[in-house]
Every structure is written in structure tokens, then in C-alpha cells.
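Work the whole structure out from these sequences, hints included.
Protein chains: 2
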Amino acid sequence: MNDQHITIHAPATVANMVCGFDVLGFAVHEPYDVMDIRFSDRPGITIINKDDYCLPTDPEKNVAGAALLAMLEEIKEPLGFELGICKQIKPGSGVGSSAASAAGAVVAANRLLNDRFPKQDLVRFAMNGEKVASGVKHADNIAPCIYGGVTLIRSIHPLDIVPLQAPPLYVTIVHPQIEVRTADARGILKQQVQLKDAIRQWGNIAGLVAGLLKSDYDLIGRSLEDVLIEPVRSILIPGFDTIKQESKEAGALGGGISGSGPSIFMLSKDETTARTVEQQMQQTYQRLGLDHHTYVTTINNEGVKFTS
Amino acid sequence: MNDQHITIHAPATVANMVCGFDVLGFAVHEPYDVMDIRFSDRPGITIINKDDYCLPTDPEKNVAGAALLAMLEEIKEPLGFELGICKQIKPGSGVGSSAASAAGAVVAANRLLNDRFPKQDLVRFAMNGEKVASGVKHADNIAPCIYGGVTLIRSIHPLDIVPLQAPPLYVTIVHPQIEVRTADARGILKQQVQLKDAIRQWGNIAGLVAGLLKSDYDLIGRSLEDVLIEPVRSILIPGFDTIKQESKEAGALGGGISGSGPSIFMLSKDETTARTVEQQMQQTYQRLGLDHHTYVTTINNEGVKFTS
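Chains as they are written, first to last, in the numbering used here: chain A, 1 to 308; chain B, 1 to 308.
Source of the hints: derived by calculation from the structure; they are not laboratory data. Since we're looking at a predicted model, the values are computed, not measured. Glycine included, C-beta positions come from ideal geometry on N, C-alpha and C. One should not assume that every hint holds.
[To be verified] Here's a subset of chain B near chain A, in silico, CB distances under 10 Å, partners left out: (1) G20; (2) Q120; (3) S155; (4) K196; (5) I205; (6) L213; (7) I229.
[Said to hold, decoys possible] If you only want the chain A side, here are some residues facing chain B, beta carbon under 8 Å, derived: (8) V23; (9) L112; (10) R154; (11) I188; (12) K190; (13) V193; (14) Q201; (15) W202; (16) G203; (17) A206; (18) V209; (19) A210; (20) L219.
[Stated by the list, open to error] Calculated cross-link-like contacts (lysine-lysine; reagent style DSSO-like; alpha-carbon spacing at most 30 Å): (21) K196(B) to K190(A); (22) K50(A) to K61(A); (23) K119(A) to K214(B).
And the structure:
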């Protein structure tokens, strides 16, 4: 048994990137969870909470535990891991809190195993954590958390992940302290959509991917339009329309609901704009009397980061 | 009045590029229409047919005429053009015959006017020709004909055209000699689609755009999947499923219905594969006893070409 000890930062991620519902997500530098892992003499997964969120420590009910169990199942050796989790990404905030735990755990464990598994396998393991968190094995937070940058999940079955290089982008995130359950946000979506709206949506995602790969900020901005999901879901988020309009007037390229909310994100070309957007978000929620938290950060091209 | 005389080749184009229904199209080198234009002493548009298709010579009923009339309306000068058209792209074949006439006419006329209008304006004028041909002002044949290469029409209102660089691609086209009216092909589409299918479609178009811009042939191949339009429209085209399956078995990256059919196109990485695909297409239609015509060509990055 080696006594190696790995510490990582597992970053927040923004899924459902506007027109890229269910398929496009990106990682940011802040906030992030801090996790540490070592081999344990006791086979299986031991979870030690180092924060105040009181998340389950039963591995089958813990997103990080479920991800590690999926990994262990494939290893077929009686290994044990002891995992410490200090969450700084608030659960339920819509910026991939569960994905950070699940992705961080398997990336850290894989390092203990001398990087035995390629990234795609790690995504597959970590998706079991998402299943525990929301009932759905989605990958649009997990994949950018593990690969870094902006990530396309072209397909889930079979899993097909395409990292997309992007030009430098500043990200302003506001998390209004209300609860939007992922299951609820999913439940209000219409299962049938107009073909003409779907066409507009795939014109936009094609434009967004082209804009990212060509570093064409104007094209990115023009393509950041969601005619299908946002009009339905944004009603769950007080102040959404005001924040979006004021952010764009302040020079943001665009943005939308982060994940299934309630956080809202906006992309900007430069830090000054991103900070102005932050101030306006703060003013809007002060006016509405809603507790909130903001971040100004950048796209994180590294994903999970090893700190020791 | 200058006596300049412009001759051009206006290429065939493939619209509705698989998952890029209504938004992605590309130009090919063959077939193409030959057109010549000069100023005329008589104001307005004079059309001279130089082929056997007996298309209308009344400019308002002729796709090239309608495109030029839209241009003249914006010029607000009493100009006259004499336009000769020798069509080699069979009308109704599904490879942008009307678009070639409309786009070729305005590109040629614009050269007489010392390139007064930018390409986007030319697309706008030429779309009036598509209106005459099919009742719909679509741009997914016009734009690649004028810009060349693979073209994304992110939006029609406002018009937003994004040229996408692509790696070298061979194109095999088969035109079975049956008639599929654009209006019929449009009529059988469902106006409502399942959200889950739309998500799969926009995952694929995002993958296709990324594959083209990254010159990733495997990703292009994996993304050439249309779960919404092709399953409905392909029933109008005898032999479609066989041709698609055999083409992929022969090594083609993928393909689908060209425009609204009846032509079928397949993309390949190399000429040998493209020629094998052609032979199999020919065998299929011989077996079915259907007259047909095939082309093996490449993506045309130039669009309308000036020959004098």
C-alpha cells in the first residue's frame, strides 16, 4: 500500500451553455472544491466531510462515492480510498457542485492509480455521481470539469466528448440564494418543440462553436441566443430578464442560465466589462432584496487541478 | 455604356447538409451553369436561354431575373442587363439549380458594376430567385454558391452568413431521375419535433462544425447524422437506405439527402473511396431500373468563378 496523498481543486462548471442545452459546458477558475485522497487499508470508499454541508457519507448516496464505486467496479481489485471533501461550491447553485465532487474524486483516485484510465473513462465513472445527484447521468458539467475549457458532449450513447478551444473569456456569475431543483427545472420543459425554433437553435450552436474555434467574439455574441429552454426556465429565476438586458447593455457578449439555475452567467471579452456586469447583478438583487453571491472569473482550460 | 462582357460558372451546391437542415450548405465543382452578362441599351433584364430547359424568360418569373430585379431596385438607376443562361445543372435535381442561376446572375452583374455590393447583399438579392423557384427565400444554396466552401447561415433575419473552412473532401452525388418537388418535401415534415431529438441534432451540428474547423475527419463522420429530417424525407427517394449503408461500408464519412432531394450526396476523404461509392450508387439504381446521373467532385472553395 503506498502512502501517496493527492490534493486537488475541482472547479465549478457551467452546463447548458445558452443554445448548447445538454451538450455544451465550460469550466471556470472559481469557485472550486478542495479534495484529498489516499489509499485506505479498508477496502471500499471512506468519505470524510470537511465542510458544513452535512452531505451523506454513505458512498452509494454521495456523488463522489458513487463515482469512485463505479471506478472500483471496473478495477476489480479490493482497493480502498479515503476521500476528504471540503466543498466550496454550494450544492444546488447551478454551477456543477455535484459534478465537481464526482469528477474531482475520480481524477484524484486515477492519479493514485498512475493515471490508469483515460479521461473519457473518468467521465463515465463520474456520471454515476450525477445520477445520484439528479437522477440523470448527464455529462455537460462532468466533461468540462475533467477536460477543462469548453466541452461539447456530442453524444452520451456512445460517449463522444469534443474539447473546443476558446479565446480568453471572462465569466461573471451571480447565484441568487433561492432553490431551483434540477428535477423541477427539467420537469417544466416542453418535450415537443417547434421545428422552426429547433432550426434557429442549431443555427446558433453552430455559430457559437464556429465563433469559439475562430476566436470571433462578435459571432460568439450573436450566437448566444436560446429560443427554446431559457424562455421557459427563466421564469423560475427572479430578475433574470433585467440582468440579461443590463449585462448586454454593459458590453457583455451574452449569457444565460447556468445549468438548470438559479445561477446566471454572462461572458465578456475583458475584465472591466465583467466587473461592471457584476455590479449591475448586485444592484438588481439588492433592489429585489434577494441574498446573492457573485464571482468574476475566467474560463479554466485545465479542469481539475493537482495541488499536491 | 461599357461593352464589358462577363462569363461565369455558377456551381451546384448541397443544402441541408445532414444535421445542418436549413443552415449548412456547400458548393461543389461540378456540375455548374455557364452564364454571360453584359449591359444592355434596353433598361431592365433581358434573358436569353442557351439550353433546352425552356425556362421562363420573363424576368419576374425567372430565378436569375428576379435576383437581378432585386439588385436593380436597390441601384435606382435605369440600367439594363442582357443575361445568357446555359444551364447544366438540371432543375429539380436537388443540387441548387435555381440558386446557381440566381447567384450567378447577381455575382456577374456585380462585376459589371465594379463589385459595388458586398457578398452579403448579393445573397440577399439572389434569395429573391429562390422565392420564385420554391416560394421560400432560403439561403443555404445561395450562400455557398456565392461564398464558396461550406457555409453556415446562422440566421436569415437578420442575415448572418459564416463561411467555415473545411479540409479537402470528395463528394459523390447521385441524381435519380425522379421528381421530388421542394414544396412536397417541405410539406411532409413534422412541424413539431421531440426535444430529445432536437438535442441530438444540435449535438451533431456542433460536432460537424468542430470537425470541419479542426479538420477532424472522424468527428465529421460521427457527426453526419440526421435524426429529424432524413427519416421523414428519405421515404421519397427509392434506394436511399441501401445507398447510405453501402457508401458507409465502402468508407464514406457519411452523407444524406442533397437539398430536398432526390439527389443523394456522400462525403469521402479520398478520391478512390468517392469513386467506389459512385459505382455502388450506380449498381443500386441499375438494380432498381432507375435512370440516374452521378458526379464525383470536390468541395469548391471559390463559389461562382469568372472565366472571362
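(request) Please write out, lowest number first, the hints stated earlier that are contradicted by the structure. (result) 2, 9 and 11
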